[in-house]
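Colleague: Please work from the sequences and hints to get the whole structure.
2 protein chains.
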Amino acid sequence: MSAEEAAAQPQQQKEEQEEEKRDAAPEPRAQPAAAAATEEEEAAASASASASYRCLVLTGHGGYDKVKLQVKKGPPAPKKGEVLVRVRACGLNFADLLARQGLYDRLPSPPVTPGMEGSGVVEALGEEVSDRKVGDKVIVLTRYGMWQELVAVPASHTFLMPEGMSFEEAASIPVNYITAYMMLFDFGNLRPHHSVLIHMAAGGVGIAATQLCKTVEDVTVFGTASATKHDVIKEGGVTHAIDYRSRDYADEVRKISPKGLDIILDPLGGSDTQKAFNLLKPMGKVITYGAANVLTGPKKNLLAMAKTWYNQFSINALSLMHSNKAVCGFHLGHLDGETELVSQVVVQLLELYAQGKIKPRVDSTYHFEEVGDAMRRMQERHNIGKVILLPEPKKEEPKKEEPKKEEKEEEPKKDEAKKEEN
Amino acid sequence: MSAEEAAAQPQQQKEEQEEEKRDAAPEPRAQPAAAAATEEEEAAASASASASYRCLVLTGHGGYDKVKLQVKKGPPAPKKGEVLVRVRACGLNFADLLARQGLYDRLPSPPVTPGMEGSGVVEALGEEVSDRKVGDKVIVLTRYGMWQELVAVPASHTFLMPEGMSFEEAASIPVNYITAYMMLFDFGNLRPHHSVLIHMAAGGVGIAATQLCKTVEDVTVFGTASATKHDVIKEGGVTHAIDYRSRDYADEVRKISPKGLDIILDPLGGSDTQKAFNLLKPMGKVITYGAANVLTGPKKNLLAMAKTWYNQFSINALSLMHSNKAVCGFHLGHLDGETELVSQVVVQLLELYAQGKIKPRVDSTYHFEEVGDAMRRMQERHNIGKVILLPEPKKEEPKKEEPKKEEKEEEPKKDEAKKEEN
Chain Y
1 MSAEEAAAQP QQQKEEQEEE KRDAAPEPRA QPAAAAATEE EEAAASASAS ASYRCLVLTG
61 HGGYDKVKLQ VKKGPPAPKK GEVLVRVRAC GLNFADLLAR QGLYDRLPSP PVTPGMEGSG
121 VVEALGEEVS DRKVGDKVIV LTRYGMWQEL VAVPASHTFL MPEGMSFEEA ASIPVNYITA
181 YMMLFDFGNL RPHHSVLIHM AAGGVGIAAT QLCKTVEDVT VFGTASATKH DVIKEGGVTH
241 AIDYRSRDYA DEVRKISPKG LDIILDPLGG SDTQKAFNLL KPMGKVITYG AANVLTGPKK
301 NLLAMAKTWY NQFSINALSL MHSNKAVCGF HLGHLDGETE LVSQVVVQLL ELYAQGKIKP
361 RVDSTYHFEE VGDAMRRMQE RHNIGKVILL PEPKKEEPKK EEPKKEEKEE EPKKDEAKKE
421 EN
Chain L
1 MSAEEAAAQP QQQKEEQEEE KRDAAPEPRA QPAAAAATEE EEAAASASAS ASYRCLVLTG
61 HGGYDKVKLQ VKKGPPAPKK GEVLVRVRAC GLNFADLLAR QGLYDRLPSP PVTPGMEGSG
121 VVEALGEEVS DRKVGDKVIV LTRYGMWQEL VAVPASHTFL MPEGMSFEEA ASIPVNYITA
181 YMMLFDFGNL RPHHSVLIHM AAGGVGIAAT QLCKTVEDVT VFGTASATKH DVIKEGGVTH
241 AIDYRSRDYA DEVRKISPKG LDIILDPLGG SDTQKAFNLL KPMGKVITYG AANVLTGPKK
301 NLLAMAKTWY NQFSINALSL MHSNKAVCGF HLGHLDGETE LVSQVVVQLL ELYAQGKIKP
361 RVDSTYHFEE VGDAMRRMQE RHNIGKVILL PEPKKEEPKK EEPKKEEKEE EPKKDEAKKE
421 EN
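Those protein sequences? They're chains Y and L, same order as listed. Oh and the first sequence: position 335 is 335 in my numbering, straight run, nothing missing. Oh and the second sequence: position 212 is 212 in my numbering, straight run, nothing missing.
Be aware that one or more of the hints could be misleading.
Any copy will do: because identical chains look the same in the list, a pair fits if it lies in one copy or spans two.
[Said to hold, decoys possible] 20 Å max Cα-Cα, derived SDA-like pairs, lysine to any residue:
#1 K275 / N316
#2 K259 / D186
#3 K281 / L352
#4 K255 / L160
#5 K80 / R143
#6 K281 / G337
#7 K281 / D336
#8 K275 / S319
#9 K79 / N316
#10 K79 / K133
#11 K259 / L341
#12 K259 / S343
#13 K259 / L279
#14 K281 / V342
#15 K259 / D336
#16 K259 / E340
#17 K281 / L341
#18 K300 / L318
#19 K281 / S343
#20 K259 / L335
#21 K259 / E338
#22 K214 / S52
#23 K299 / D105
#24 K275 / S314
#25 K281 / E338
#26 K275 / L318
#27 K359 / E128
#28 K80 / Y310
Hints in this document: simulated from the structure, not taken from any laboratory. Source: prediction; values computed, not measured.
Modeller: Below you can see the structure in the form of structure tokens.
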């Protein structure tokens, strides 16, 4: 079976086949770079053909070039309980960066299409789907496989987009807002007058968490971000912005809140989890949900990994008791069996959106053929808010020289598609 | 300074002196048994003398006989911010049993008066006390020292008793109900439709937790207790009573709730914390608040201690994340600096009492001279609800033979004082 065929399979079936493949060939099977170039050309040429669709495929673990644009033939057929969605926007997440480096265990081995969230329009219904109809605009949350123009997903993993929400906003909701909501309101038990530390406050989860904190009376938000982003995060609701690059964030927090904090969201891992634990008030809660410290560049950094795991936070019952604190772990990827639980949260979020209390901030949009640039933007932490991928082909423009392609890209991509409302 | 004088000191000062003593004489200085007997006689003789008062003193670490009744001379003088309380009832807690064996680090070295909670009447005010007046009936929560007829405590550690509450009920509130409330509503984030496991459901915390669970809609309570207590705990609100002596409680829970539970209160420690963790649903929380497994008899059991500590639960950030679970530690004794936090909880509890939603269950009352029997009752888990100590002397009755004093005492003490309402 070719990679193209594999990616076109409905998810469950595909996953089973991936399992088989892994058994047969544990090494990632990266496609030669030359083949990839040919496919990209092919992709541009055949984008208008209705029987084929564009799709991003992780072809092996490594740098940005491991995610390739491919064209699949024949639309995926929705199975019983599934809907076929024409995807209009997809979210890029930190987990996708980890996955590309082979550091995310919820994604099957390459070749595989990544992508956990997106938005689009229902194009066909499988059997026994009664609560969706063709033409519905939907938000989709799935374990992987969203980075394609057409996708078949269980109807229960789709949510109707509210009036006035753009496809880009819709694709920004699931991962970041569900994560922030469950951490703050389920584990964190956020209440009036609480104080919260949000790391990477300009990132997708950071902005979602800040907005959710503001839905509760008199919550003090400490947010870390590089200094250039402080104006934006303060405008978004951060009470005290801390430049983690020039100062020790724990010292800065103590200056303002000597007793410590009620809730700390920890996406960093390693020694930062212990630091967070120490920074809690009695009855405080740290919620650890990532290991961003392992991601230091585009390729796997064994030293950073070793350091992060070596310094990994560990605690016993007695220490917890003597300090009156809580340690929680959150990982949305491991909640994929909890459809009902997650759906309840999405319902809450869409209500908050309708009330104008939350609004995703789209940092930038990139077409599928620019996925490398999109990943670089997030990897180098230039984004403020969500980085979005668009399945539709980039419109042809007069070609410009791009002399320093490997350097940092400071400016977000501006695109007409970003302005498109539903 | 004699032990009597030491116990009569206001708390803070006393504690400092205890610290000094420990430095000078690290070994507990138990009084000879003969001297204790003399003091008991003296106590009975002088109970009516207004210038002296009865008090229980832990004279060394060990069995039930280490807590002795003594008489102090001259009432303690309330310092600035303190009130003098004539104590009418005191609570006995699991921590007091641990303390007697030298296993509770929040109690200074002997000789020292234990007791963390009680109720009584304000008899005098120190300077700068404006929110209490002589004659006020109060609930008291303090770090130690409540087991005496007269006690000087900070006014901020007292709470006005609501109408209709007996002194015995009042003395049953602080430790058990604050513990249960903070575990369930602060760490546990108890919500409608949740499922909760309560170990030792017939104990003080167990009964309080069960009642608090019933204040939330459709909460399923799993409660462990020996079979003879099942009728009582079911009547009190336990949905599924489990006899932990004849069955594996985890198996029993899985039969009814295959996916596991939302909240587990763990007073056992050792390997039971891991068992609780495994029994949680995704997004579930275990709150560990004791190590009852170390208490196997009246004296320190080194083997049980070693086993409990050896099997102590320990976890790292990655395992927490992959399981989407929370581990919390609670210890009211380590919250003694958090007066405001704790006071807010007491306000909530007294409101629930006034609404008739909670009502302490007094298992039995014992006079100070019967403290050994009281501790044995709790140690051997015969109580259903709270064991209360009464400072007032036991009324003289025609003496009966008590041939088997060392055996289990199955029947609770009946006493006129139990009926007394405020």
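Colleague: Against each hint, give a clear statement of whether it holds in the structure.
Modeller: Each hint, compared with the structure:
| no. | hint | in the structure |
| --- | --- | --- |
| 1 | K275 / N316 | both (16 Å within a copy, 14 Å between copies) |
| 2 | K259 / D186 | between (23 Å within a copy, 18 Å between copies) |
| 3 | K281 / L352 | neither (29 Å within a copy, 27 Å between copies) |
| 4 | K255 / L160 | neither (45 Å within a copy, 37 Å between copies) |
| 5 | K80 / R143 | within (18 Å within a copy, 63 Å between copies) |
| 6 | K281 / G337 | between (34 Å within a copy, 11 Å between copies) |
| 7 | K281 / D336 | between (32 Å within a copy, 13 Å between copies) |
| 8 | K275 / S319 | both (15 Å within a copy, 18 Å between copies) |
| 9 | K79 / N316 | neither (47 Å within a copy, 40 Å between copies) |
| 10 | K79 / K133 | within (15 Å within a copy, 75 Å between copies) |
| 11 | K259 / L341 | between (34 Å within a copy, 13 Å between copies) |
| 12 | K259 / S343 | between (37 Å within a copy, 18 Å between copies) |
| 13 | K259 / L279 | within (8 Å within a copy, 34 Å between copies) |
| 14 | K281 / V342 | between (29 Å within a copy, 14 Å between copies) |
| 15 | K259 / D336 | between (37 Å within a copy, 15 Å between copies) |
| 16 | K259 / E340 | between (38 Å within a copy, 13 Å between copies) |
| 17 | K281 / L341 | between (29 Å within a copy, 11 Å between copies) |
| 18 | K300 / L318 | between (36 Å within a copy, 18 Å between copies) |
| 19 | K281 / S343 | between (32 Å within a copy, 17 Å between copies) |
| 20 | K259 / L335 | between (34 Å within a copy, 13 Å between copies) |
| 21 | K259 / E338 | between (37 Å within a copy, 11 Å between copies) |
| 22 | K214 / S52 | neither (45 Å within a copy, 58 Å between copies) |
| 23 | K299 / D105 | within (17 Å within a copy, 50 Å between copies) |
| 24 | K275 / S314 | both (12 Å within a copy, 18 Å between copies) |
| 25 | K281 / E338 | between (31 Å within a copy, 10 Å between copies) |
| 26 | K275 / L318 | both (18 Å within a copy, 16 Å between copies) |
| 27 | K359 / E128 | neither (33 Å within a copy, 52 Å between copies) |
| 28 | K80 / Y310 | neither (46 Å within a copy, 51 Å between copies) |
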